[in-house]
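These protein sequence lines map, in sequence, to chains Y and E. Following our numbering, the numbering of the first sequence begins with 336 at its first residue and continues without gaps. Following our numbering, the numbering of the second sequence begins with 666 at its first residue and continues without gaps.
SDA-like mimics (lysine to any residue), calculated; alpha carbons at most 25 Å apart, straight line: (1) K392(Y) - S763(E); (2) K392(Y) - S668(E); (3) K344(Y) - T412(Y); (4) K714(E) - A434(Y); (5) K778(E) - S677(E); (6) K714(E) - P442(Y); (7) K344(Y) - L449(Y); (8) K774(E) - I395(Y); (9) K405(Y) - P343(Y); (10) K405(Y) - D394(Y); (11) K392(Y) - Y765(E); (12) K734(E) - L711(E); (13) K405(Y) - A434(Y); (14) K344(Y) - A751(E); (15) K344(Y) - L711(E); (16) K723(E) - G338(Y); (17) K774(E) - R445(Y); (18) K714(E) - I430(Y); (19) K344(Y) - E753(E); (20) K392(Y) - D760(E); (21) K406(Y) - Q710(E); (22) K774(E) - D373(Y); (23) K418(Y) - A771(E); (24) K344(Y) - Y704(E); (25) K392(Y) - P374(Y); (26) K405(Y) - T340(Y); (27) K723(E) - E437(Y); (28) K418(Y) - L449(Y); (29) K723(E) - G337(Y).
Label pairs and their computed distance ranges (CB to CB): (30) K349(Y) - T670(E): 37 to 47 Å; (31) S735(E) - S415(Y): 45 to 55 Å; (32) K349(Y) - A718(E): 43 to 53 Å.
For the chain Y half of the interface with chain E, some residues (derived, Cβ under 10 Å), not all of them: (33) Q341; (34) Y370; (35) Q376; (36) L378; (37) L380; (38) G393; (39) F423; (40) C426.
Since the hints were made in silico from the structure, they are not lab data. None of these values were measured; they are calculated from a predicted model. Glycine residues also receive a C-beta, built at the ideal position from the N, C-alpha and C atoms.
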Amino acid sequence: DGGITQSPKYLFRKEGQNVTLSCEQNLNHDAMYWYRQDPGQGLRLIYYSQIVNDFQKGDIAEGYSVSREKKESFPLTVTSAQKNPTAFYLCASSIFAGASGEQFFGPGTRLTVL
Amino acid sequence: AQSVTQLGSHVSVSEGALVLLRCNYSSSVPPYLFWYVQYPNQGLQLLLKYTSAATLVKGINGFEAEFKKSETSFHLTKPSAHMSDAAEYFCAVSDSDSNYQLIWGAGTKLIIKP
Numbered sequence: 336d337g338g339i340t341q342s343p344k345y346l347f348r349k350e351g352q353n354v355t356l357s358c359e360q361n362l363n364h365d366a367m368y369w370y371r372q373d374p375g376q377g378l379r380l381i382y383y384s385q386i387v388n389d390f391q392k393g394d395i396a397e398g399y400s401v402s403r404e405k406k407e408s409f410p411l412t413v414t415s416a417q418k419n420p421t422a423f424y425l426c427a428s429s430i431f432a433g434a435s436g437e438q439f440f441g442p443g444t445r446l447t448v449l
Numbered sequence: 666a667q668s669v670t671q672l673g674s675h676v677s678v679s680e681g682a683l684v685l686l687r688c689n690y691s692s693s694v695p696p697y698l699f700w701y702v703q704y705p706n707q708g709l710q711l712l713l714k715y716t717s718a719a720t721l722v723k724g725i726n727g728f729e730a731e732f733k734k735s736e737t738s739f740h741l742t743k744p745s746a747h748m749s750d751a752a753e754y755f756c757a758v759s760d761s762d763s764n765y766q767l768i769w770g771a772g773t774k775l776i777i778k779p
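Hey, can you work out the whole structure from these sequences and the hints?
Written as structure tokens, this is what we have:
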């Protein structure tokens, strides 16, 4: 089955620690996205990548970093510089930049800072 | 700039009643329009999309939406609500001005009363 996997589903970290969230897709999509979701605030774009070895900042990139070394993988690192990292993180992909923009989503990772 | 407005952060309807979730968008060029649904602690799932074909779009789970250019609206409806429809619903728009990035509404939480 084609789709997007995110791991882990739940993640706990101590303040001051970096943590990496995994996102893998086997849909052969060119573009991938990371969103942050907080209660009552909808979806906010953190980073996106349209091709391998290239990515752009979204609306709330501060305190986050990404890499896109392979087409199917787009890991997100939440660094200690992110002041309020507790949130639900969603990864998505789309077939290629310039199409309708329809995105396919993973199941999400809930990050809690202790 | 593109934007999406969803009227009502929460909408409550009785089981069996009509569901109407409102979405208005701004776009100076022909848009693509989407409705997604999110169940608690899950990723988003596409309900339906408008891609410049028929203005009345039918989606999954008995939902449909009508594109009205003159009103810049894309409201989501379902004739008879079911308890399983309780979820959060997001409207999104993309167009050439946004380079086909999705611009998201803030979401509407649908509550079904027994």
